[in-house]
Amino acid sequence: MLQRKDLLGIKDLTTDEMSLILDTAAAMREVMRREIKKVPTLRGRVVLPLFYEPSTRTRVSFELAAKHLSADTVGVSAGASSVVKGEGLLDTARTIAALGADVVVLRHPAAGAAEFLSRYTRASVINAGDGMHEHPTQALLDIYTIRDYKGTVEGVTVAVIGDIMHSRVARSNIWGLRKMGARVRVCGPATLLPAGLDSMEVEVFRHVEEAVAGADVVYALRLQRERFRQGLIPSINEYARLYGINQERLQLAHPEAIVMHPGPLNRGVEISAAVADSPQAVIADQVANGVAVRMACLYLLMRRDDDDQTYH
Amino acid sequence: MKLREKAQILDAEGIRRSLTRMAHEIVETNKGVDNLALIGIRRRGVPIATRLAELITQIEKRDLPVGSLDITLYRDDLTQLSYQPLVYRTEVDFSVTGKRVVLVDDVIYTGRTVRAALDALMDLGRPAVIELAVLVDRGHRELPIRADYVGKNVPTSRKEVISVHIKEIDGEDRVLINERE
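In the order they appear, the protein sequences are chains L and F.
If you use the working numbering, the first sequence corresponds to residues 1 to 312, in order.
If you use the working numbering, the second sequence corresponds to residues 1001 to 1181, in order.
Hints were generated in silico from the structure; no laboratory data involved.
Ideal placement from N, C-alpha and C gives every residue a C-beta, glycine not left out.
Incorrect hints may appear among the rest.
Claimed, not checked - Have a look at the derived ranges for each label pair, beta carbon to beta carbon:
| no. | chain 1 | residue 1 | chain 2 | residue 2 | range |
| --- | --- | --- | --- | --- | --- |
| 1 | L | Val204 | F | Leu1176 | 54 to 64 Å |
| 2 | L | His254 | F | Asp1148 | 49 to 59 Å |
| 3 | F | Lys1167 | L | Arg206 | 56 to 66 Å |
Stated by the list, open to error - Pulled from the structure, derived: some chain L residues nowhere near chain F, Cβ distances all over 12 Å:
| no. | residue |
| --- | --- |
| 4 | Glu63 |
| 5 | Tyr120 |
| 6 | Gly214 |
Working from the sequences, and respecting the hints, build out all of it.
As structure tokens, then:
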């Protein structure tokens, strides 16, 4: 069982905890395939998605997950909330308590925001992305998708291509994949590779062709256009030419390789339209699996009556 | 929780005979296997449902669909448990709408598992009829629920525990009555 109040990152999850989340997600996937996609498990619970950064799919995914489990959910996004009025996280924590939220799903531009909030609220906090730090449910849904297609994660070779430095998706995935025994390769412009990749036990490649060769999974990261404005890459076109996943490069991978992307897609930049629409792309599965994984997390973090005694 | 073994209620032969009789009763009540389906409640209801289906097939020379139901997400005591029950997959790969469904479990006690199973089943569709088959009825119902087919009625005290061992899961077939020490 998950012996924790919060889900803040992949780095401090054990492999047993990750397996439990993935197995539970498989059961949730069955619920999602039903005509009536609803079970009464979290009836009367309140899930509060709190998004201090724009996001559509992660927020919708969490809200659907909460609704499938019969929890009540009210989304709060940056533009509409008092965030723009300068309310600090501590005041937000008081508001959460007053509203009686059981779970807060927090997306915030500052690394460590979820961890900070978790210390000041009795509610469970799920990190839905904190700055350049972690995005644990994205990594879990990606690992679920890999396990679903490949049968296992152990020994699977995953090539992660793109802006590793600024990507919390990459960071959480690398930690998670390594824990589950996958071989991880990374490739991207030198300006977008962080220091300390060696300590994350990944293989770094200079050329995307080498990174992709024989890989079971090709994971294209989204390129933020501001990296160009920051002068970290010479041009978007050059990035597409050197690192974009096109059919030619995909042919170097294992014949049954799958292509993944966290979305939203920049077609023609990190991934060509032909690859994105090819049967090898499993991007739609990632989205569907995301709801199941988040249902699993909400279920497994559900507070039980006797937890109050142990909570300090 | 330490258990002291008190008595064996059924041995492998006893289980086989009980299930054989229940299979005949199911066929008789439902007038054959038209539209009939068996759904076992995880975990031990599942192998029992599979065996009942095999016995019914032997009697009627026809196959019938078998599914398995996980009721964890429908339990009414989730917040009161000190542990977190594992959620297993519900596997019912046929439509239950319009079917005569026999729910199968190993033991009926308070009736709360069956209540949850009825809700879970109804979320999958609208069966024409739902019946209940259990290997052991040990009494102490807390809800107005009864079994239609019973392997053995066993009067128990609440201190006692019925342990059903099924070969597919536990490596042997037998039913024991134990007492908490």
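Each hint tested on the structure:
Take Val204 of chain L and Leu1176 of chain F: their Cβ atoms lie about 60 Å apart, and the range 54 to 64 Å holds. A beta carbon spacing of about 54 Å between His254 of chain L and Asp1148 of chain F agrees with the range 49 to 59 Å that was offered as a hint. Roughly 58 Å separates the CB atoms of Lys1167 of chain F and Arg206 of chain L, a value that falls within the hinted 56 to 66 Å. No beta-carbon of chain F is positioned within 12 Å of the beta-carbon of Glu63 of chain L; the least distance is around 19 Å.
Against the 12 Å criterion, Tyr120 of chain L stays outside the reach of chain F, whose nearest CB is about 24 Å from its own CB. At the 12 Å boundary, the C-beta of Gly214 of chain L stays outside the reach of chain F, the nearest C-beta of that chain being 33 Å off.
Checked against the numbered hints above, the structure violates none of them.
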